[in-house]
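There are 2 protein chains.
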Amino acid sequence: MAVILPMETQERDNETAPNSGIEGLLALAENDMKAVNALISERVGSDVTMIPELATHLISSGGKRLRPNLTVASAQMCGYEGSDHVKLAASVEFMHTATLLHDDVVDESDLRRGKKTARLLWGNQASVLVGDFLLGQAFRMMVETGSLDCLGILSHASTVISEGEVMQLNVAKKMSTSEDMYLNVIRAKTAALFAAATEVGPALSKRPEAEREALRSYGMNLGIAFQLIDDVLDYSGDVSKLGKSIGDDFREGKITLPVVLSYLRGSENERGFWRRVMEDGAIEDGDLEKAVALLENHGALSDTIGRAQHYGSMAKDALAIFPDGVHRRALTDVVSFAISRAV
Amino acid sequence: MAVILPMETQERDNETAPNSGIEGLLALAENDMKAVNALISERVGSDVTMIPELATHLISSGGKRLRPNLTVASAQMCGYEGSDHVKLAASVEFMHTATLLHDDVVDESDLRRGKKTARLLWGNQASVLVGDFLLGQAFRMMVETGSLDCLGILSHASTVISEGEVMQLNVAKKMSTSEDMYLNVIRAKTAALFAAATEVGPALSKRPEAEREALRSYGMNLGIAFQLIDDVLDYSGDVSKLGKSIGDDFREGKITLPVVLSYLRGSENERGFWRRVMEDGAIEDGDLEKAVALLENHGALSDTIGRAQHYGSMAKDALAIFPDGVHRRALTDVVSFAISRAV
Numbered sequence: 028m029a030v031i032l033p034m035e036t037q038e039r040d041n042e043t044a045p046n047s048g049i050e051g052l053l054a055l056a057e058n059d060m061k062a063v064n065a066l067i068s069e070r071v072g073s074d075v076t077m078i079p080e081l082a083t084h085l086i087s088s089g090g091k092r093l094r095p096n097l098t099v100a101s102a103q104m105c106g107y108e109g110s111d112h113v114k115l116a117a118s119v120e121f122m123h124t125a126t127l128l129h130d131d132v133v134d135e136s137d138l139r140r141g142k143k144t145a146r147l148l149w150g151n152q153a154s155v156l157v158g159d160f161l162l163g164q165a166f167r168m169m170v171e172t173g174s175l176d177c178l179g180i181l182s183h184a185s186t187v188i189s190e191g192e193v194m195q196l197n198v199a200k201k202m203s204t205s206e207d208m209y210l211n212v213i214r215a216k217t218a219a220l221f222a223a224a225t226e227v228g229p230a231l232s233k234r235p236e237a238e239r240e241a242l243r244s245y246g247m248n249l250g251i252a253f254q255l256i257d258d259v260l261d262y263s264g265d266v267s268k269l270g271k272s273i274g275d276d277f278r279e280g281k282i283t284l285p286v287v288l289s290y291l292r293g294s295e296n297e298r299g300f301w302r303r304v305m306e307d308g309a310i311e312d313g314d315l316e317k318a319v320a321l322l323e324n325h326g327a328l329s330d331t332i333g334r335a336q337h338y339g340s341m342a343k344d345a346l347a348i349f350p351d352g353v354h355r356r357a358l359t360d361v362v363s364f365a366i367s368r369a370v
Numbered sequence: 028m029a030v031i032l033p034m035e036t037q038e039r040d041n042e043t044a045p046n047s048g049i050e051g052l053l054a055l056a057e058n059d060m061k062a063v064n065a066l067i068s069e070r071v072g073s074d075v076t077m078i079p080e081l082a083t084h085l086i087s088s089g090g091k092r093l094r095p096n097l098t099v100a101s102a103q104m105c106g107y108e109g110s111d112h113v114k115l116a117a118s119v120e121f122m123h124t125a126t127l128l129h130d131d132v133v134d135e136s137d138l139r140r141g142k143k144t145a146r147l148l149w150g151n152q153a154s155v156l157v158g159d160f161l162l163g164q165a166f167r168m169m170v171e172t173g174s175l176d177c178l179g180i181l182s183h184a185s186t187v188i189s190e191g192e193v194m195q196l197n198v199a200k201k202m203s204t205s206e207d208m209y210l211n212v213i214r215a216k217t218a219a220l221f222a223a224a225t226e227v228g229p230a231l232s233k234r235p236e237a238e239r240e241a242l243r244s245y246g247m248n249l250g251i252a253f254q255l256i257d258d259v260l261d262y263s264g265d266v267s268k269l270g271k272s273i274g275d276d277f278r279e280g281k282i283t284l285p286v287v288l289s290y291l292r293g294s295e296n297e298r299g300f301w302r303r304v305m306e307d308g309a310i311e312d313g314d315l316e317k318a319v320a321l322l323e324n325h326g327a328l329s330d331t332i333g334r335a336q337h338y339g340s341m342a343k344d345a346l347a348i349f350p351d352g353v354h355r356r357a358l359t360d361v362v363s364f365a366i367s368r369a370v
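Those protein sequence lines, which keep their order, are chains A and B.
According to our numbering, the residues represented by the first sequence are 28 to 370, in order.
According to our numbering, the residues represented by the second sequence are 28 to 370, in order.
Calculated directly from the structure, the hints in this document are not laboratory data.
This structure is a prediction, so every number in the text was calculated from the model and none was measured.
Treat the hints with care, since some could be wrong.
Repeated chains share a single entry, so a pair holds when one copy, or any two copies, can fit it.
Subject to a maximum C-alpha distance of 30 Å in a straight line, what follows is the list of computed DSSO-like cross-link-like pairs (lysine-lysine) [claimed, not checked]:
id, residue 1, residue 2
1, K343, K61
2, K91, K61
3, K281, K143
4, K201, K91
5, K142, K233
6, K201, K143
7, K343, K143
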């Protein structure tokens, strides 16, 4: 599938180095992430049958652990010398995993990252409860750090994420969703955790408010860009890269930015199509192909990538107050990586 | 329905003063509970449509708010003079409400306290997510108190509660559940929150470990007694008092102590009956009546009340290290109240 490539990303050679943008981050965080991974394995444990199996199924499913890597790198960049960032990174990953478990129940999803979802293997009930367990464990680790600042940041993110999920429920299948409304949803449900993951670095290091603000802004805008590219990939992605099949959002009637743009720019006849498939769920053979064609005709995919680049630029610029160095460069590259996935 | 009344509770006159045991607690906590209730109303708020409505539906459904009352009274007994106990009491109520929301989804319940459940009115999805929201808000309030001790107590309880729920899922419909196993379940899923609710009082007041231990033990044993009496009421209760109809546990195949005892004491033929109704869910007309008759024949209801009195005594004795006074008497009376509901 062809997408018109915006300038910045056109220059990247993704065929030969698809993940180049994230390697700097992974290398810097590697040692600390060993401790994070060990802690995750330890805290996922419970004497209660099913909890470790279910939690491990998802946690070990080959995600990049981008969020805890970001926490580690942001703490390092702020000169943090203790070991509590390991606990916070593990907390962030547990919060993320809890969200995924509950998400899959809410969305009735059968596949995640190409594997059967926990809810399909262990049931909705266990998925809800193990999500609760992981959230509890996340808070326990935060408490162990003794950092009320970080507890405040992450507990606030926790409520914002669930508000975002409920907002998504409210706009579900509503073609009247505006771009602004959609941005509010992903800011809350996705970007807030990225923002918290990077803000705890300076908070733990007791750095000035300006650095907290900068890394919060970096994470927030990176998170928005990340989600927008995910949205594009759902209509154009490579299953082996993304671990989800094309058209999942479409089949679930999930309104995302490409659809919002295509609907706004479409004829009355095209809008009728979107309402039939998204609102009524009356999807017929060939409708996904038709949807992709409409998205392309209206430049909705390339413009969503353009929007993602806008937020990506904001993320990069937010880092400007930090001195140039391996950490700032690695965090900058993550933004390019997030966007390069779609091109 | 007749239950053989054990000595201690036989002396109570429940017809004329059914709630007498809790009035002391409610009177002592009344002023602080006004602040707790105001805080609950405030923190249940969100700009996101559906969150306040759904949360308020359950929170305002006429529960006694026993747990936050216990938090307030235990803080008062420990001489606490600040206002953070109000936040912790509201946190405890939010944790409880979040559990109920997720429970109703897990158990597919249609009624709670005689009202339609949130999941029936707003759906399972919203119930899961608003539960998550309330849990997040609970942690935010704890963080605001700045008490890492209390954060530790309540975050630990949060994981234990979800472990208990998963344990309950594991023993569901298994007639081989032992009394010990069942006690482990209710210790985790019900009693742990009572224990945390009362332990934060001395923790906030920076009282010695012995007082924390005493109030933790009080709450834990009160919680066990409370749950055991709930179990009895499901086979003998008055709908108007309990707000749930008789036989709910039975119809859901929920193994509770009366059933465990009746099964252990029953003939092979009777065990076949229990396996058919609880494990296979093959319930026929007249089976609830037959179950109640078996429970009575084997003294399973009166003996469960006896067990509850045992834990109730432990709860009362745990308070012995505190000087006699209105608070100790009120907390002692709560134990009698919890048990008197069944007689």
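ask   = From the Cα coordinates, with 30 Å as the cut-off, is the pair K343 and K61 best called within, between, both, or neither?
value = Within one copy only: 27 Å inside, 48 Å across.
query = Quick one: K281 to K143, C-alpha cut-off 30 Å, is that within a copy, between copies, both, or neither?
reply = both (20 Å within a copy, 29 Å between copies)
ask   = Between the shortest in-copy and the shortest cross-copy C-alpha distance, which are at most 30 Å for K142 and K233: within, between, both, or neither?
value = neither (41 Å within a copy, 49 Å between copies)
ask   = Taking 30 Å as the upper bound on the Cα-Cα distance, should K201 and K91 be classified as within, between, both, or neither?
value = neither (32 Å within a copy, 40 Å between copies)
ask   = What label fits K201 with K143 when the C-alpha limit is 30 Å: within, between, both, or neither?
value = Classified as both; 28 Å inside a copy, 27 Å across copies.
message = When Cα atoms must be at most 30 Å apart, do K343 and K143 count as within-copy, between-copy, both, or neither?
response = Cα proximity of K343 and K143: none, with 36 Å in one copy and 50 Å across.
query = Using 30 Å as the alpha-carbon threshold, which applies to K91 and K61: within, between, both, or neither?
reply = This pair counts as within: shortest intra-copy Cα distance 13 Å, inter-copy 48 Å.
Checked against the numbered hints given earlier, the structure breaks hints 4, 5 and 7 and satisfies all the rest.
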